[in-house]
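What follows is each chain in one-letter form.
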Amino acid sequence: MQSSISPLQRMAGRTKQPLNRMHGTCEGVPVTKKLIFIVFLLLAAWLSWTLWSTPPASSTTRKLVLTGSSTVAPLAAEIGRRFETLHPDVRVDVQTGGSSRGVNDARAGLADIGMASRALKTSEEDLYSFTIALDGISIIVNRSNPAAALSRQQIIEIYTGAITNWREVGGRDAPITVVNKAEGHSTLELFLHHFGLQNRAVKPQVIIGDNQQGIKTVAGNPNAIGYVSIGSAEYEAGHGTPIKLLPLEGVQASVENVRNGSFPLARPLNLVTQSEPAGIVRDFIEFARSEQVRELVEAQYFVPLAR
Amino acid sequence: MNWSKLNTLFPSRADQPLLWLLRLCALTAATVVLLILTFLVIESRPALRDVGIARFFGDRSWHPTEGEYNFMPMLSGTVYCSLGALLLAVPSGIAAALFSRWYAPASVAGLFRRLIELLAGIPSVVYGLWGLTTLAPLIGRLHAPGTSLLAGILILALMILPTIALTADAALAAVPQAYLRGAAALGLSRWGMISGVALPATRSGIATGILLAAARAMGETMAVLMVCGNVVQYPDSLFDPVRTLTANIALEMAYAMGDHRAALFVSGLALMLLMLAMVGAAGLLSRGRRYA
Amino acid sequence: MPEATAHSIAPLGITRDRLATFVIWSAALLVTGLFLWLISDILLGGITRLSWAFLTEPPFDAGRSGGIGPIIVSTGLILLVAIAASVPPALGTAILLAEFSRRESLFGRSVRLSLDVLAGVPSIVFGLFGNAFFCIYLGLGFSILSGGLTLACMVLPILIRTAEEGLRSAPDDYRLAAAALGLSRSAALMHLLLPTAMPALIAGLMLGIGRAMAETAALIFTSGYVDRMPDSLWDSGRALSVHIYDLTMNVAGGDANARAAALVLVVLLLLVNGAAMTLADRWRNARIVTA
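Residue numbers (this note's numbering), protein chains in the order written: chain U, 1 to 307; chain L, 1 to 292; chain P, 1 to 291.
A hint or two may mislead.
To give a feel for the contact side, a few chain U residues facing chain P, derived at Cβ under 10 Å [stated by the list, open to error]: (1) Arg62; (2) Lys63; (3) Pro74; (4) Glu78; (5) Asp89; (6) Asp93; (7) Leu110; (8) Gln198; (9) Ile215; (10) Ser229; (11) Lys244; (12) Gln300; (13) Pro304.
Some residues of chain U that are not near chain P, with every Cβ distance over 12 Å (derived) [as the list claims (entries may be wrong)]: (14) Glu124; (15) Pro146; (16) His194; (17) Arg282.
Since the hints were made in silico from the structure, they are not lab data.
Note that the Cβ used here is the ideal one computed from N, Cα and C, for glycine as well.
In isolation and in its complexed conformation, chain U is listed as follows (with noise of 0.2 Å):
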């Protein structure tokens, strides 16, 4: 009850009212349905307007559009703004959605560039793909577990379920939580690769979707594993977010080791095209090779190529 009259008075006002209303309204009938129509007349054409109307022809400007993989994305748009700087009369739409998406749209001609994070499949082959930058997976835990270091072969038991307790390898008495990625995605397929895994033979407790989920599932569970990647683990945990980086195969996860290639489970960031790039296509891709977007590349945390 928004007013401070009772409900009683006000139920009484307003069983009335209407009555009295209704009596002033009887000639102005005619005018309040004409006005009903003709706002429902223009809205309809309104809609229909936008529905059909093409855009406005851009005469100038030139749309390059790119779309894929999630992981990309933020890169891309930060190379695309700067881009933009340099050709005053092109402009950069970077969409996500994911490698495949951006695989298929390449194809299909929906988008100038398809981003993928991972290198081409076989069936791909047709396609031209560019590596603008290198990403590695590192294994993360919660910063609390006392777990040092762990071997190929405990990573490969712990995920397939052998070893269930941190106390079977150096850790306190508590039970792992296992965290796997979602199917399909290319970090899952890269490590199942690495340790020469079947994903059904995998165990796990958790399955996420994207880096940042698995790192904050990491972060709120003390006995949790998982693996993501290294340039976002390593800007969480060097800004406070309770997880840590355990090393592979007795090579620290870091960047830095992804650059120099010893780092054993890498993979690259890859625009894709149709065809032979030409033109601005061509333009977009080079820059985004180049020299000029390095620390561009450095600020997302993945790694740039090696000149």
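Start from chain U and add chains L and P according to the hints.
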């Protein structure tokens, strides 16, 4: 009551334009429904053809990249999550509506309603973030891993509560004051008035709210994805992780191709069928009560 | 009403009445407490980031720094398109369902059923549909228009069902009285039924706006990811919820700005709801109470 019998109550022909306009509106709405249905069917046809319906129920597990397509565990995940959330949210949502209508002092009621409206608009990703960073670790302290069916139920219950509370509140607001005055004149207590007069009078409105809330719970993606753990399995307890159909679509759609992608659309269709079954069941239940 | 009935003297009812009062108060307190916890937890983290610059500047460094100016504009435009495209057909359909067809008629039942089923379609499927239909088939591309129209499809069931319930709950006396006075149906709708149903219409609209503003999955594929200031409705524009999602799930170190953005979203929502409420109340009072 309605005006479907032309000319019994309103003998004028002045309403013809209005009626046509309304039909046009309904046609637009119907087109949208049909378009989406057609879209789903077209997209899922490859999987229905190549994989066959039986395998969605009979395969050993869900490993689409390895050719196994059993989505029943995820269907169960969706059902458990939504039912659990409804069990919690329906009573508390209705209680919240009653509170703001008849129990709270006027100033508190206004604030309370504003709060509920606000909650209706908090993005699911924010609920999910809260669930992931606050709720799941709390549950994890009780029983690892924390991201679980229970977390999903609690987050979903929070998310659909505003829907139930707002629709119930609107329905209660529309109860004719005469009924309430009648109840007061009979000397009914406040609760007697509510349980005997107000709630029965608003049954249909509240049912609509519950249906919308159930739809939201079943269709919810992001929050559930963040807190449920997403392991494809039949849960043994509230603390086990589960994966819902929607979370599955969100997790895999971006990377799926071919039959896998089509299979995800099939799970979308399955979700619609589930909804259909629920609406049908609700309809049967309410009919049973009406004639009882 | 409450004042009159609270101290009723029915002896049997008293214990039950007190119990109900207790249960309802505690439920309300629980709900409020939970939500205050959630809101303070999530949103207060963002308040330190909030400034005029944050509201007006474009994002930098993938959203870790900079503001959300273009994103607020895009969100507003998407919402406008969604409301403009969904409210008229929703209202029309609701009126047709509630006033011009019997509840048990085949037409009414089938429309209602299909709407309920539509309400259960996961938002990500709406996103894919919007992408296939609006972006590609109608050639609108990734644009604010595509996003708004997709959201319009999504909120249609909410709007129609709540509006229909609202109209149905208007007392039949009003219809009889209107008929007795020789009003046309249009006039009766305009002067009596719609104003009477206004609280329900507004509640539905609020739910719809809430759902639309909060939507992420449907918008990633339709209105897109571009965080530039949009020039027109045909430009791609990132919505606030997409921005929040990207910052929390995809960008390392984006949490603080994500919380600030969430705070902005909630405040915007309060403003929009408040405006809708005031307008509706004014209209309703002009029609029914004060005339």
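So, going through the hints one by one against the coordinates:
| no. | hint | in the structure |
| --- | --- | --- |
| 1 | Arg62 | violated (14 Å) |
| 2 | Lys63 | holds (9 Å) |
| 3 | Pro74 | holds (4 Å) |
| 4 | Glu78 | holds (6 Å) |
| 5 | Asp89 | violated (14 Å) |
| 6 | Asp93 | holds (5 Å) |
| 7 | Leu110 | holds (7 Å) |
| 8 | Gln198 | violated (27 Å) |
| 9 | Ile215 | holds (8 Å) |
| 10 | Ser229 | holds (8 Å) |
| 11 | Lys244 | violated (15 Å) |
| 12 | Gln300 | holds (6 Å) |
| 13 | Pro304 | violated (16 Å) |
| 14 | Glu124 | holds (21 Å) |
| 15 | Pro146 | holds (25 Å) |
| 16 | His194 | holds (22 Å) |
| 17 | Arg282 | holds (22 Å) |
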